[in-house]
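Residue numbers (the numbering used here), protein chains in the order written: chain P, 1 to 295; chain L, 1 to 295.
The reader is advised that the hints may include incorrect statements.
Claimed, not checked - Computed cross-link-like contacts, SDA-like style, restricted to lysine to any residue with a CA-CA straight-line distance of at most 25 Å:
1. L/Lys4 x L/Asp62
2. P/Lys142 x L/Thr24
3. L/Lys4 x L/Gly43
4. P/Lys25 x L/Pro99
5. L/Lys279 x L/Lys167
6. L/Lys103 x L/Pro237
7. P/Lys167 x L/Asn33
8. P/Lys134 x L/Glu198
9. L/Lys45 x L/Lys167
10. L/Lys25 x P/Ile89
11. P/Lys142 x L/Gln145
12. P/Lys246 x L/Lys26
13. P/Lys246 x L/Glu107
14. P/Lys153 x L/Asp131
15. L/Lys167 x P/Lys45
16. P/Lys45 x P/Gly166
17. P/Lys134 x L/Thr138
18. L/Lys139 x P/Glu65
19. P/Lys153 x L/Cys34
20. P/Lys26 x L/Lys246
21. L/Lys245 x P/Asn152
22. L/Lys20 x P/Lys103
23. P/Lys98 x P/Tyr289
24. P/Lys26 x L/Asn152
25. L/Lys142 x P/Asp131
26. L/Lys261 x L/Glu227
27. L/Lys20 x P/Asn149
28. L/Lys134 x P/Asn277
29. P/Lys103 x P/Glu212
30. L/Lys142 x P/Thr138
31. L/Lys246 x P/Asn33
32. L/Lys103 x P/Asn152
33. P/Lys153 x L/Lys134
34. P/Lys103 x L/Glu107
35. P/Lys261 x P/Glu271
36. L/Lys295 x L/Lys60
Because the hints were derived from the structure by calculation, they are not lab data.
This structure is a prediction, so every number in the text was calculated from the model and none was measured.
There are 2 protein chains.
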Amino acid sequence: MDFKKELKQYQNLINNELKKYIETKKCPEEILNCSMEYSLMAGGKRLRPILVIATYQIFKDDIQECMPFSVAIEMVHNFSLIHDDLPGIDNDDFRHGKPTNHKQFNEATAILAGDGLLNYAYRVISQNLEDSRKEDLTKKIKIFQEFSNAVNKMIIGEFVDTEVEGKQISEETLEYIHQNKTGALLTLCVRMGAILAEVSQEDLDKLTSYAEKIGLAFQIKDDILSEEGNEEILGKPVGNDRILKKCTYVSKYGLEVAKEKLEELTKEAIEELKIYNEKAEFLVELAKYIKERNK
Amino acid sequence: MDFKKELKQYQNLINNELKKYIETKKCPEEILNCSMEYSLMAGGKRLRPILVIATYQIFKDDIQECMPFSVAIEMVHNFSLIHDDLPGIDNDDFRHGKPTNHKQFNEATAILAGDGLLNYAYRVISQNLEDSRKEDLTKKIKIFQEFSNAVNKMIIGEFVDTEVEGKQISEETLEYIHQNKTGALLTLCVRMGAILAEVSQEDLDKLTSYAEKIGLAFQIKDDILSEEGNEEILGKPVGNDRILKKCTYVSKYGLEVAKEKLEELTKEAIEELKIYNEKAEFLVELAKYIKERNK
Chain P
1 MDFKKELKQY QNLINNELKK YIETKKCPEE ILNCSMEYSL MAGGKRLRPI LVIATYQIFK
61 DDIQECMPFS VAIEMVHNFS LIHDDLPGID NDDFRHGKPT NHKQFNEATA ILAGDGLLNY
121 AYRVISQNLE DSRKEDLTKK IKIFQEFSNA VNKMIIGEFV DTEVEGKQIS EETLEYIHQN
181 KTGALLTLCV RMGAILAEVS QEDLDKLTSY AEKIGLAFQI KDDILSEEGN EEILGKPVGN
241 DRILKKCTYV SKYGLEVAKE KLEELTKEAI EELKIYNEKA EFLVELAKYI KERNK
Chain L
1 MDFKKELKQY QNLINNELKK YIETKKCPEE ILNCSMEYSL MAGGKRLRPI LVIATYQIFK
61 DDIQECMPFS VAIEMVHNFS LIHDDLPGID NDDFRHGKPT NHKQFNEATA ILAGDGLLNY
121 AYRVISQNLE DSRKEDLTKK IKIFQEFSNA VNKMIIGEFV DTEVEGKQIS EETLEYIHQN
181 KTGALLTLCV RMGAILAEVS QEDLDKLTSY AEKIGLAFQI KDDILSEEGN EEILGKPVGN
241 DRILKKCTYV SKYGLEVAKE KLEELTKEAI EELKIYNEKA EFLVELAKYI KERNK
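Take these sequences, add in the hints, and give me the full structure.
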């Protein structure tokens, strides 16, 4: 499998889908729409929607069913990035090598663009529910519920992360932050794909475990990159966590232990997919990619 | 009818319902929960949930069906107040005579509390959908869709309002701001009550017209109060709109015309309810209250 090529295909698929949702510009709120588009199309990895689709594809082919939820999750992800970057929270000037939303536009626009994207995700879900066949409603309502609960966890994780800045924190608190801030949404993605594909409870549990492991691996890799990544490739300053005395996996356990943990989690995550054989090849490669990525 | 007494009863009903949704405090996000509770229970008029319930009661008695949507709409309203008050938007220090959320807590907490309340509204709706009987799903999904569209309009209205600050604007733009920023949500409330009660299209149109008229009346009254209200009763400074050169109904047309328009809209709104006789008495009195309130 040519993973890079498949990844690119997924990314193109999602970028094209997202473009359909960019709203008309000749209106009084034109700048707000531009601001949402700016962040949404700023070149993210599309990891979350890819997880939805690739999980679904282990079991089923017709991925159209996944698209609204893939779009919605990417909107939520971008909402969280815009708000996290705000002067009142992380006060970051760059993301993906470009000015952050409030730097490119202004603070009011960034706050409202974030609000707009969060709400847009639910507009997409609500439209999708209305258009659904009766027999699909039950699973989609379940997804809607898991979706809103995961977003809640993400907000909680971000809050606790902000609260503890510059403080020494316990292992439990660090785990709590990771599980909520990034883990909940990544797990949601895999579960959405699985629930849409109507998998058994056993499969759902296995895939949830895979998701939880790559979720933590993703965060640990983020912490490692933030410590020793390449600024130009990352598109944002390196070493900021240390300067801000942020408590991360790296600051708490050191680079060596962090890297070992990353190896271990990746291995365990891949193990969960074993029974799906080549059907899960992309998700296996994705776990490796999360470990090895340089941005 | 003792309107003040009935209003108080509605407010108590809603306050008690909202309290059920206040989340556990012994957790790492305790302060975030306190911050959401602070704004949610800060003594708002509960106009929006009251509109849902009172509209429903023209047709049906068992208001339990209305409660989740009433809670959700009040959460959305409070999310918008918290974000509007932020330093990056209106930079207000007081609301309901108390420090605004970011003054009482801090900016990061206020941003995330607003996000949390917006998302909480959808958690409530999603839970309600999951628990619904099959035959109720169609109307509730329709409401979910109207809900997310109205919130979108509210965000757009707030954005355009922010954009035009200090500028002279056309009649059309002023109307656009009003219809979106406050009108859309108030109209949604009445429509939610009506759709839940399964009214005819004719009734829905009539009630929508009532809502649009009191929505605009509400905004005009707000502008009038902001110009000549009593600071102590309002709980916020008076004359700010003029100082900020905000384009309002009053600054554009003058106090006299604004007051005439308010009279006219109230009369027209009440006219729409005529066919419901005493069943709509509370909504008639509510329209008068919107016109006559001093806060």
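Going down the list of hints, with the structure as the test:
no.: 1; hint: L/Lys4 x L/Asp62; result: holds (22 Å)
no.: 2; hint: P/Lys142 x L/Thr24; result: holds (24 Å)
no.: 3; hint: L/Lys4 x L/Gly43; result: holds (16 Å)
no.: 4; hint: P/Lys25 x L/Pro99; result: violated (37 Å)
no.: 5; hint: L/Lys279 x L/Lys167; result: violated (44 Å)
no.: 6; hint: L/Lys103 x L/Pro237; result: holds (16 Å)
no.: 7; hint: P/Lys167 x L/Asn33; result: holds (21 Å)
no.: 8; hint: P/Lys134 x L/Glu198; result: holds (20 Å)
no.: 9; hint: L/Lys45 x L/Lys167; result: violated (31 Å)
no.: 10; hint: L/Lys25 x P/Ile89; result: holds (22 Å)
no.: 11; hint: P/Lys142 x L/Gln145; result: holds (17 Å)
no.: 12; hint: P/Lys246 x L/Lys26; result: holds (24 Å)
no.: 13; hint: P/Lys246 x L/Glu107; result: holds (19 Å)
no.: 14; hint: P/Lys153 x L/Asp131; result: holds (22 Å)
no.: 15; hint: L/Lys167 x P/Lys45; result: violated (40 Å)
no.: 16; hint: P/Lys45 x P/Gly166; result: violated (29 Å)
no.: 17; hint: P/Lys134 x L/Thr138; result: holds (10 Å)
no.: 18; hint: L/Lys139 x P/Glu65; result: holds (23 Å)
no.: 19; hint: P/Lys153 x L/Cys34; result: holds (16 Å)
no.: 20; hint: P/Lys26 x L/Lys246; result: holds (24 Å)
no.: 21; hint: L/Lys245 x P/Asn152; result: violated (38 Å)
no.: 22; hint: L/Lys20 x P/Lys103; result: violated (40 Å)
no.: 23; hint: P/Lys98 x P/Tyr289; result: holds (23 Å)
no.: 24; hint: P/Lys26 x L/Asn152; result: holds (17 Å)
no.: 25; hint: L/Lys142 x P/Asp131; result: holds (10 Å)
no.: 26; hint: L/Lys261 x L/Glu227; result: holds (16 Å)
no.: 27; hint: L/Lys20 x P/Asn149; result: holds (17 Å)
no.: 28; hint: L/Lys134 x P/Asn277; result: violated (39 Å)
no.: 29; hint: P/Lys103 x P/Glu212; result: violated (33 Å)
no.: 30; hint: L/Lys142 x P/Thr138; result: holds (16 Å)
no.: 31; hint: L/Lys246 x P/Asn33; result: holds (23 Å)
no.: 32; hint: L/Lys103 x P/Asn152; result: holds (23 Å)
no.: 33; hint: P/Lys153 x L/Lys134; result: violated (29 Å)
no.: 34; hint: P/Lys103 x L/Glu107; result: holds (18 Å)
no.: 35; hint: P/Lys261 x P/Glu271; result: holds (15 Å)
no.: 36; hint: L/Lys295 x L/Lys60; result: violated (31 Å)
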